[in-house]
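Number of protein chains: 2
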Amino acid sequence: MEVWVQKYGGTSVANAERIKCVANRIVETAKTGKKLVVVVSAPAGMTDSLIGKAKEITHKPNGRELDMILATGEQLSISLLALAIQELGENAISFTAPQIGILTEPIHTKARIKSIPTEKLRAELESGKIVIIAGFQGVTEDNEITTLGRGGSDITATALGCALHAAEVEIYTDVDGVYTADPRVVPEAKKISRISYEEMLEMAGSGAKVLHSRCVELSAKFHLPIHLRSSFDYSNGTYIQEGETIMEKAIVRGIAHSKAEAKITVTGLPQSPSIFADLFAEIAAENINIDIVVQDFGEKTTMTISFLVSREDYESAYDITAAFIRRYEGARVTAEKDMAKASVIGIGMRSHPGVAARVFRTLADQSIPIEMVSCSEIKITCVVKEAEIEKAVRSLHEAFCENGEMAL
Amino acid sequence: MEVWVQKYGGTSVANAERIKCVANRIVETAKTGKKLVVVVSAPAGMTDSLIGKAKEITHKPNGRELDMILATGEQLSISLLALAIQELGENAISFTAPQIGILTEPIHTKARIKSIPTEKLRAELESGKIVIIAGFQGVTEDNEITTLGRGGSDITATALGCALHAAEVEIYTDVDGVYTADPRVVPEAKKISRISYEEMLEMAGSGAKVLHSRCVELSAKFHLPIHLRSSFDYSNGTYIQEGETIMEKAIVRGIAHSKAEAKITVTGLPQSPSIFADLFAEIAAENINIDIVVQDFGEKTTMTISFLVSREDYESAYDITAAFIRRYEGARVTAEKDMAKASVIGIGMRSHPGVAARVFRTLADQSIPIEMVSCSEIKITCVVKEAEIEKAVRSLHEAFCENGEMAL
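Protein chains in written order, with the working numbering: chain A, 42 to 449; chain B, 42 to 449.
Misleading hints may appear alongside valid ones.
Just so you know, same-sequence chains aren't split out, so a pair can sit in one copy or run between any two.
Below, computed lysine-lysine pairings styled on DSS-like, alpha-carbon distance capped at 30 Å [unchecked claim]:
hint	residue 1	residue 2
1	170	101
2	378	170
3	232	75
4	75	101
5	250	300
6	231	161
7	232	300
8	101	300
9	72	426
10	101	231
11	96	232
12	341	94
13	170	250
14	250	61
15	378	75
16	94	61
17	72	231
18	96	75
19	161	151
20	94	161
21	300	161
The hints are simulated quantities; they were obtained by calculation from the structure and are not laboratory data.
Since the structure is predicted, the reported quantities are computational estimates derived from the model, not experimental observations.
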């Protein structure tokens with residue numbers, strides 16, 4: 042039995058009218074004979090409204106109780122969607138995560154899925170039902186309700202796709218795919234029809250917010266194709282799949298960027314690798330991600346470290362660093378808040394070594410100073426001042442994506 | 042370990058302010074050292090709003106999906122209440138019915154509780170936590186979410202009280218107890234401080250809507266005292282308890298009444314007990330309760346049957362009866378829609394046989410015709426025209442309840 046998984050976000054189930062539209066779309070697909078598992082988010086706005094109710098009671102709601110509250114959102118939307126499908130004469134049944142047994146770690150508000158049993162799902166599918174599953178939720182071995190954090194419903198859909206060895210996971214969203222650059226910055230950006238897991242992972246990690254990295258990791262591990270597409274029309278979106286199966290070769294797949302970064306620089310530290318480790322461990326303990334790290338041995342006995350954090354973590358990271366360096370005489374911390382990064386991404390880079398040079402030349406031609414650089418096998422990231430980022434992205438897009446294949 | 046169960050209705054958890062008030066009251070009680078299990082309804086208005094959402098999708102929502110939708114109401118209020126108690130520095134934990142395992146029959150929208158395991162509850166109580174339980178909900182052996190129907194949260198509280206052998210169940214509501222008559226009809230009505238299970242059962246069955254009959258049945262079976270009281274003040278309400286333990290003896294405990302009744306009369310039926318059974322079976326099959334039945338053998342070969350149904354069931358009951366009697370030549374059905382009933386209730390009647398006579402004389406003195414009569418060991422019910430019911434209740438209350446003990 043081959044199964045298709047579809048996931049609809051909160052805007053698709055925001056009200057009765059939208060729910061009926063989605064139900065129609067699902068029934069159309071089911072009538073082609075496909076066995077369907079549909080994952081749904083809470084109605085748009087409901088999660089915020091529920092958090093608001095909790096915040097009226099306490100500023101720091103306990104994670105366990107907050108998860109109980111938040112889980113009501115999807116419980117409502119799955120049942121309403123099941124009713125809408127039944128109203129169209131098809132057989133549908135909804136399940137919360139605890140009912141199916143979507144097992145997670147015993148961590149609240151950002152649990153990770155450990156396993157999903159599939160017997161019950163398969164039995165319902167075999168009996169001809171469309172199965173509707175609450176996204177975002179999980180349950181622990183002790184029957185505690187958990188939630189998966191941001192992008193949780195996408196993760197539920199992907200994990201179900203993996204567990205059921207689905208033919209494909211379709212993620213319906215309010216954008217119609219992944220673009221060669223953010224269309225709000227680069228009007229010439231084109232929709233990417235196919236992208237490899239590795240490229241998508243780098244795009245997601247570099248600021249393209251269309252899909253959570255964990256979805257891409259999971260689907261890559263299980264060789265599960267994901268089709269990211271719009272719930273408002275029937276055109277194809279972007280397929281995320283094995284790189285080897287993509288016919289259309291490109292050296293550069295797209296340009297991702299992220300604003301709201303901050304750079305912290307420490308000078309005058311004694312030259313010792315353990316100091317790195319200690320500082321970054323203290324920052325990590327506060328759940329702050331450090332992005333790009335550059336180390337410079339300026340003098341014989343001291344070193345300079347620069348690293349990038351997201352701007353929302355900037356103050357905490359700065360405070361931790363400032364407190365940390367008091368142990369070292371002569372060490373100083375400085376920060377630049379208005380940074381941004383642009384990343385050029387493509388698996389074709391592996392076999393085409395000239396990409397980095399061309400990236401630097403492109404930015405130099407625009408007189409954009411590069412503050413930091415980081416390269417992986419399939420990605421080159423340049424940190425620039427935020428004021429320069431849109432110009433940087435546009436010039437890189439023009440150089441790599443607009444004139445067909447890049448000539449090297 | 043002695044446990045107290047408290048139940049708060051929807052108005053008590055309607056908004057953050059009310060929830061904080063209830064939390065305060067709970068914490069006060071907990072500080073006296075009592076082990077507390079608190080049952081909560083959905084916030085006032087939420088159940089109707091959720092039904093409204095389902096009705097926007099379909100006019101006949103499937104019971105299973107409707108139960109999933111309705112269960113979100115209590116899941117929200119239990120978690121918010123737990124947060125409010127935690128905010129006051131006490132330890133609280135909330136559980137949905139599926140989490141505790143409040144097992145019901147596999148019937149939707151009006152399931153009956155089969156069993157409640159108590160190990161988890163006892164463990165949480167012993168660890169010093171206040172345990173908050175979602176009322177109105179249940180779960181089947183197949184992990185399906187059910188609801189208990191009207192008065193469901195009271196039933197949850199009573200069933201928990203029975204399962205935990207609680208010292209007492211306190212039901213907090215927007216009335217402050219059971220009255221000798223409905224105070225909207227009889228301004229002189231007094232709050233009853235103690236009432237026996239049997240009397241309460243008759244009061245509930247005769248129109249006093251303060252507590253579901255199933256709560257009284259359950260608590261009687263387990264000898265569990267129920268204290269029905271107001272959530273707005275600290276005065277005692279009404280204790281429902283074993284008749285033998287009530288010191289204050291009264292022949293008549295109170296007068297209950299119910300408007301919106303309808304009487305259906307069939308004449309010209311052949312004299313045969315099986316005809317009764319057949320007709321009433323057909324009516325029962327439509328889930329219509331038949332209240333008082335009077336049979337009259339007017340002539341040698343035919344009989345007359347009259348029975349009372351609630352007005353909302355009147356049309357269906359009439360149609361069923363009209364269709365039924367077509368099998369019997371000469372039979373006719375007539376109906377009177379505007380009926381009501383008044384019941385005089387008291388366990389003291391068992392040993393005081395003159396009550397019925399005095400009831401009839403009281404109504405006769407007021408020139409109120411009695412349409413039907415039904416007597417049990419502890420109750421006398423008179424059916425009168427609805428236009429006469431308030432006069433009837435007031436005169437019966439004056440005769441039996443206002444001048445202290447009735448002289449016989």
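Subject >> Hint check against the structure, violated hint numbers in rising order >> reply: Hints 2, 6, 9, 10, 11, 12, 13, 15, 17, 21 not satisfied by this model.
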